[in-house]
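Visitor: Mind docking chain B on chain A? Use the hints.
For reference, the chains in residue letters:
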Amino acid sequence: MITQVDIVGAPNKVIASQNTIIETTHLCREFGQGDTLVKALTDANIIIERGEFTAIIGPSGSGKSTLLQLIGGLDNPSSGDVFLDNKNINHMTGTELSDFRRDHIGFIFQAYNLIPVLSARENIEYIMLLQGVPAAERNKRVDRLMHAVGLEGLGDRRPAELSGGQQQRVAVARAMVSKPSIILADEPTANLDSKTGADLLDMMKELNEKQNMTFVFSTHDPKIMERAKRIIRLVDGCIVDDERRS
Amino acid sequence: MLIVKLAFRNILRNCRRSLLTLLSMGGGFFLLCLTLSMSEGSYSNIINIFTQDHTGHVQIHKENYLERPSLYKTINHADEIITQLEQQPLVLGVAPRIYSPSLAYGKNKTFPAQVIGIDPDREAKTTRLENKISEGHFLTSEVINQVTNLDGNQISTDGYFPAMVGFTLAKNLQLTIGDELVLISQGIDGSIANDIFEVVAIVGDVGSYERMNVYIHLSAMREFLSMQGDTSKVHELAIILSSQSEARKFAVNTQLALKNKSLSVDPWQVVESSFYKSMQADKKGSYVSMGIIIFIVSIGVLNTILMGTLERTREFGVLKAIGTRPVAVFTLIMLESFVLAIISCLIGLALALPVCFWLAGVGISMPEPIDMGGIIFDTMLGEVSWFVVLLPSIVVISSTLIVSFIPAIRAAKISPLKALQAV
Chain A
0 MITQVDIVGA PNKVIASQNT IIETTHLCRE FGQGDTLVKA LTDANIIIER
50 GEFTAIIGPS GSGKSTLLQL IGGLDNPSSG DVFLDNKNIN HMTGTELSDF
100 RRDHIGFIFQ AYNLIPVLSA RENIEYIMLL QGVPAAERNK RVDRLMHAVG
150 LEGLGDRRPA ELSGGQQQRV AVARAMVSKP SIILADEPTA NLDSKTGADL
200 LDMMKELNEK QNMTFVFSTH DPKIMERAKR IIRLVDGCIV DDERRS
Chain B
0 MLIVKLAFRN ILRNCRRSLL TLLSMGGGFF LLCLTLSMSE GSYSNIINIF
50 TQDHTGHVQI HKENYLERPS LYKTINHADE IITQLEQQPL VLGVAPRIYS
100 PSLAYGKNKT FPAQVIGIDP DREAKTTRLE NKISEGHFLT SEVINQVTNL
150 DGNQISTDGY FPAMVGFTLA KNLQLTIGDE LVLISQGIDG SIANDIFEVV
200 AIVGDVGSYE RMNVYIHLSA MREFLSMQGD TSKVHELAII LSSQSEARKF
250 AVNTQLALKN KSLSVDPWQV VESSFYKSMQ ADKKGSYVSM GIIIFIVSIG
300 VLNTILMGTL ERTREFGVLK AIGTRPVAVF TLIMLESFVL AIISCLIGLA
350 LALPVCFWLA GVGISMPEPI DMGGIIFDTM LGEVSWFVVL LPSIVVISST
400 LIVSFIPAIR AAKISPLKAL QAV
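If you read the sequences in order, they're chains A and B. The first sequence runs 0 to 245 under numbering that gives the first Met the number 0. The second sequence runs 0 to 422 under numbering that gives the first Met the number 0.
Okay, chain A solo, but in the shape it has when bound:
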């Protein structure tokens, strides 16, 4: 059953509950200036609760990726704020933001973006090394995730020796290994065939349900929309629809 909910608009209407993990207030992102000014995102106010499986959809150039990048702290807004776990990430220094991303956000990119000189196993392990997780714990977590994403026996292969689907599985494992509270996935299935994409989505859905991880997707993929509990629709940088599904 699909339930239409009100779009959060004015700043005063944004009230975060204790379960809120992502909150954006009057988020705007503009590129260029004068005649070449492009408003990629206009006054986006979103509240996402912990454990949601949210898809941000819209046509190309609607601002989906921009919104995801702003939420992930990869880009700075022209105006407005992003709160993650009740922390305003726009006021963080470069190092603080790096540490915050490392500990709280997992990224899955359309182009996989694995480190080519590291093996699949090392790619997954990388964030834990940054976090200073002990070797025994690292090995345990990597083994468990390799098993969960179906990459057993492929740990020593470098990204170039893996198929697109296998690389994306490594990317998913890498995003989840540090047990982040949010996973941001930018069109994660765009480069995969439909079966591999569906398998991967089922795996993420399962992790979402079992571990209560919050997933936010930017996507065109109907398979993600089918599985999403909430769909935010963007058109020309504006949120035009926000629907929750039971």
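Everything labelled a hint here was simulated from the structure, so no lab data went into it.
Computed list of chain B residues with no C-beta within reach of chain A, every gap over 10 Å: (1) S17; (2) T34; (3) I191.
Calculated pairs, DSBU-like style, for lysine-lysine (alpha carbon to alpha carbon, straight line, at most 35 Å): (4) K276(B) / K124(B); (5) K232(B) / K276(B); (6) K86(A) / K4(B); (7) K417(B) / K194(A); (8) K86(A) / K417(B); (9) K204(A) / K228(A); (10) K72(B) / K170(B); (11) K232(B) / K124(B); (12) K412(B) / K86(A); (13) K4(B) / K139(A); (14) K178(A) / K4(B); (15) K38(A) / K412(B); (16) K178(A) / K417(B); (17) K228(A) / K417(B); (18) K131(B) / K72(B); (19) K417(B) / K204(A); (20) K72(B) / K276(B); (21) K222(A) / K178(A); (22) K124(B) / K248(B); (23) K232(B) / K170(B); (24) K170(B) / K108(B); (25) K222(A) / K194(A); (26) K417(B) / K38(A); (27) K417(B) / K222(A); (28) K258(B) / K248(B); (29) K228(A) / K38(A); (30) K178(A) / K412(B); (31) K228(A) / K209(A); (32) K209(A) / K178(A).
By construction, the Cβ of each residue, glycine as well, lies at the ideal position given by its N, Cα and C atoms.
Guide: The following block gives chain B in isolation, referenced to the frame of chain A:
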């Protein structure tokens, strides 16, 4: 360890480019090492010849003697100073000398000559004069009637003072062993000093410092110059030390210890100031050449590091997006450069050391001998020392790190989003 692992793998990911960079940097190291070895070796050789053949490492004179030498500017109580100096562990020898520019006459010819009164025993301990006798033998006694030839036979009983004559002067005056030499100069009392000496040795060769000198015994010199009453007066004390590098410090300390402001204690750099200044100027010229080598190598390194960082921009974006701190990205690039620099230094060292050892042992014969400060050189020698090896290492490593700094800062500061959007 993670950063180290990444750095090594990044170096190995493009082996051909890394190899070219290593060869370029190693080549730079090799050239720097060779240039330094030749420069230091040649000058060490010249300094050794200067100091050990005549000058010594430190000299003591009456104040201003070096600027305006005079028969009357003598060191009084030289014996006491010699005794004091010889007690110092650093001192290997002290040679007292009296100088007199003279006119030398022999076999119908006259030439100007520098007559030097020496203490043969002390001179032999201080300089290599004894080893440079090409004919005859070294002064062993004050007067000729106590001198014997190489066969052990007495060669004269005339009572003439023996003299050792420089090779060129002897050739010009057509003198050989046993010939008479007339010296004319000015005595300390203003009288005309003149005497007949007998040649007992020919010193050096056509390229030697002493080729126009005449060496006689100190006591003979005192008699020649009418200084018989001043047995402890000399013009110069030449001191040889166990370490050339201690000369300046030793001169300063000795000056303080002497407590005699009328005496001037100078290291060889001051005594041979014109040579020292020309050496310093020549070294600066070498440094310019080395600077050009470093510049060329640095441009190559900068190109490699820039290429490496530009083509990995997207990767840096990923590293930063997943939580790598900017400082870690900076460290990664600097570490890659450092590792490249260290390996290239090892390659350069492996190539340079055998050549430097060959240069130090055999050297390069020059087609035309060169005259430097009155000494003629026909072979350029190299040197193998810590300085010759360490300076190029420091220069290669530091220049690599300097040129890597900008790409590293750029990668550390780049926005993860911009980096991820890079092609």
